[in-house]
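**Q** Numbering (full-length UniProt numbering), first residue to last: 1 to 77.
Among these hints, one or two may not hold up.
35 Å max Cα-Cα, derived DSBU-like pairs, lysine-lysine [said to hold, decoys possible]: (1) K63 <-> K75; (2) K75 <-> K33; (3) K74 <-> K63.
Okay, the calculated beta carbon distance ranges per label pair [to be verified]: (4) A36 <-> P15: 14 to 24 Å; (5) P15 <-> T57: 33 to 43 Å; (6) V14 <-> A54: 30 to 40 Å; (7) P72 <-> C51: 15 to 25 Å; (8) E13 <-> N67: 31 to 41 Å; (9) K70 <-> S17: 16 to 26 Å; (10) A47 <-> K74: 13 to 23 Å; (11) N27 <-> E59: 16 to 26 Å; (12) P15 <-> P72: 16 to 26 Å; (13) K75 <-> N27: 21 to 31 Å.
To be clear, the hints were calculated from the coordinates, so they are not data collected in a lab.
Ideal Cβ positions, reconstructed from N, Cα and C, are used throughout, including at glycine.
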Amino acid sequence: MCVGSGSVIASREVPQSCPYCSKLISNFYNLKKHIATMHQSPAFYHACAHCSAAFRTAEYLRKHLVNVHKYPVKKKK
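Whenever a hint applies, use it, and build me the whole structure from the sequences.
**A** Here it is in structure tokens:
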């Protein structure tokens, strides 16, 4: 393998399978992000102020607030 061939970099751009849940992730960077978010204990959870629910990401908390507590949906710009 040539050092300058780019094959290591190219291998990071192909879909990767998560070793924990087998979900297919688009590339190595997103796989690292997925594992950190979904499979490792986070330093803190995003807690709901209205009930005892807690979520690993702010996006999951936002979806919970919209679906369970009927918060208005904010349109993305």
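**Q** Please write out, lowest number first, the hints stated earlier that are contradicted by the structure.
**A** Structure breaks hints 5, 9 and 12.
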